[in-house]
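From first to last, the protein sequence lines are chains A, B and C.
Numbering of the first sequence is given in the numbering used here, commencing with residue 1 and proceeding in unit increments.
Numbering of the second sequence is given in the numbering used here, commencing with residue 1 and proceeding in unit increments.
Numbering of the third sequence is given in the numbering used here, commencing with residue 1 and proceeding in unit increments.
Fair warning: there could be bad hints in the mix.
Unchecked claim - As a list, the in silico DSSO-like pairs of lysine-lysine whose alpha-carbon atoms are at most 27 Å apart: (1) B:61 to B:11; (2) C:11 to A:29; (3) A:61 to C:2; (4) B:61 to A:29; (5) C:11 to C:61; (6) A:11 to A:61; (7) A:29 to B:11; (8) A:29 to A:11; (9) C:2 to A:29; (10) A:29 to A:61; (11) C:61 to C:2.
Since the hints were derived computationally from the structure, they do not count as laboratory data.
In this text the structure is predicted, and so the values were computed from the model without any measurement.
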Amino acid sequence: MKMIIAIVQDKDSNRLSNQFIEQNIRATKLSTTGGFLRSGNTTFLIGIEDDRVQEVMDLIKETSHTRDQFMTPPVNMDVSMDQTASYPVEVTVGGATCFVLPVEAFQQF
Amino acid sequence: MKMIIAIVQDKDSNRLSNQFIEQNIRATKLSTTGGFLRSGNTTFLIGIEDDRVQEVMDLIKETSHTRDQFMTPPVNMDVSMDQTASYPVEVTVGGATCFVLPVEAFQQF
Amino acid sequence: MKMIIAIVQDKDSNRLSNQFIEQNIRATKLSTTGGFLRSGNTTFLIGIEDDRVQEVMDLIKETSHTRDQFMTPPVNMDVSMDQTASYPVEVTVGGATCFVLPVEAFQQF
Ligand code: NI
Ligand code: NI
Ligand code: NI
Numbered sequence: 001m002k003m004i005i006a007i008v009q010d011k012d013s014n015r016l017s018n019q020f021i022e023q024n025i026r027a028t029k030l031s032t033t034g035g036f037l038r039s040g041n042t043t044f045l046i047g048i049e050d051d052r053v054q055e056v057m058d059l060i061k062e063t064s065h066t067r068d069q070f071m072t073p074p075v076n077m078d079v080s081m082d083q084t085a086s087y088p089v090e091v092t093v094g095g096a097t098c099f100v101l102p103v104e105a106f107q108q109f
Numbered sequence: 001m002k003m004i005i006a007i008v009q010d011k012d013s014n015r016l017s018n019q020f021i022e023q024n025i026r027a028t029k030l031s032t033t034g035g036f037l038r039s040g041n042t043t044f045l046i047g048i049e050d051d052r053v054q055e056v057m058d059l060i061k062e063t064s065h066t067r068d069q070f071m072t073p074p075v076n077m078d079v080s081m082d083q084t085a086s087y088p089v090e091v092t093v094g095g096a097t098c099f100v101l102p103v104e105a106f107q108q109f
Numbered sequence: 001m002k003m004i005i006a007i008v009q010d011k012d013s014n015r016l017s018n019q020f021i022e023q024n025i026r027a028t029k030l031s032t033t034g035g036f037l038r039s040g041n042t043t044f045l046i047g048i049e050d051d052r053v054q055e056v057m058d059l060i061k062e063t064s065h066t067r068d069q070f071m072t073p074p075v076n077m078d079v080s081m082d083q084t085a086s087y088p089v090e091v092t093v094g095g096a097t098c099f100v101l102p103v104e105a106f107q108q109f
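Okay, chain A solo, but in the shape it has when bound (with noise of 0.2 Å):
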């Protein structure tokens, strides 16, 4: 058994709790703030046999890994604003941070 602890963005939370729930890993999920000068992020405690660490590391890789999207800046109102401030621009989102820590015992009661 080992305990996966996973910092993932709000953004990618979601989308990982459904990926967890549908290939039956247990998974809880802890409100969290700061850490790597990032606001909102969501920490998951993952207990896995030893076995599925690869499959809950290749799942989360997969679901939140750092990615470039082009987004549509909010328009701004102010009618004196430079024109080109409303086209989209490429920005960085998701990543995750995933520590393995081993378990001496498991118990369910």
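Once you've looked at the hints, dock chains B and C with the ligands against the given chain A.
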């Protein structure tokens, strides 16, 4: 020293907190969601000396184990409903998942 | 790599967050309650290279250790009260509890 991470149902968490205080067991409470498809749950982080691990596990088991309970469902206001709907029904409540993690160092300032 | 779990008083948590950012230490903040009969506390999860563990512990100690402080209690509006009630009194604030856990693997995506 060990770190016990215990996930219990919200409805058992106050009773467990009180038990920890009474037995002089230092526990920190995190508000958590998800996991096991169950709605609200509470995660406790418990730092404990090696020779008290079993005592803590016994306490969690006693306070939070899965058990069947009779519950009277809320009365349904729809007069056309089958009257049997307000008879007590048996439901399963409680349940705890515990991980014991090794601790390399412990310090208080 | 180690995982440091540090529990500090709420009143010290912002100062500690700022120190972590300044020293480029990646910490995630959990909102926690209970433990030690103290009301509000904050738990930090800090993933750190082995050779920086002592640096993090020193920072937590410096920022959050138990110390005595003089506080002026709020003025009591009841005119019949003893006037000495609004003199400064010495109270103990702060305090940190730190656990260092081994980490078997660490990955960022
Ligand atoms: Ni991709
Ligand atoms: Ni029982
Ligand atoms: Ni000092």
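Here's how the hints hold up against the structure:
1. Taken as a hint, the residue 61 of chain B and residue 11 of chain B pair is honoured in the structure, with Cα atoms around 14 Å apart against an allowance of 27 Å.
2. Distance check on the hinted pair: residue 11 of chain C and residue 29 of chain A sit about 25 Å apart at the alpha-carbon level, within 27 Å; holds.
3. For the given pair, residue 61 of chain A sits about 21 Å from residue 2 of chain C by alpha-carbon distance, which is consistent with the 27 Å threshold.
4. Between residue 61 of chain B and residue 29 of chain A the alpha-carbon distance is near 22 Å, which keeps this suggested pair within the 27 Å criterion.
5. Restraint check for residue 11 of chain C and residue 61 of chain C: satisfied, since their Cα atoms lie roughly 14 Å apart, inside the 27 Å limit.
6. With a C-alpha separation of about 14 Å, the suggested pair residue 11 of chain A and residue 61 of chain A falls inside the 27 Å cut-off, and the hint holds.
7. A distance of roughly 18 Å separates the Cα atoms of residue 29 of chain A and residue 11 of chain B; the hinted pair therefore holds under the 27 Å criterion.
8. Of the supplied pair hints, the one linking residue 29 of chain A and residue 11 of chain A holds, its CA atoms being roughly 14 Å apart against a limit of 27 Å.
9. Under the criterion of a C-alpha separation no larger than 27 Å, the hint pairing residue 2 of chain C with residue 29 of chain A is consistent with the structure, at around 21 Å.
10. A hinted pair counts as satisfied when its Cα atoms are at most 27 Å apart, and residue 29 of chain A with residue 61 of chain A qualifies at roughly 17 Å.
11. The straight-line distance between the Cα atoms of residue 61 of chain C and residue 2 of chain C is roughly 18 Å, inside the 27 Å bound, and the hint therefore holds.
Of the hints listed earlier, there is not a single one the structure fails to meet.
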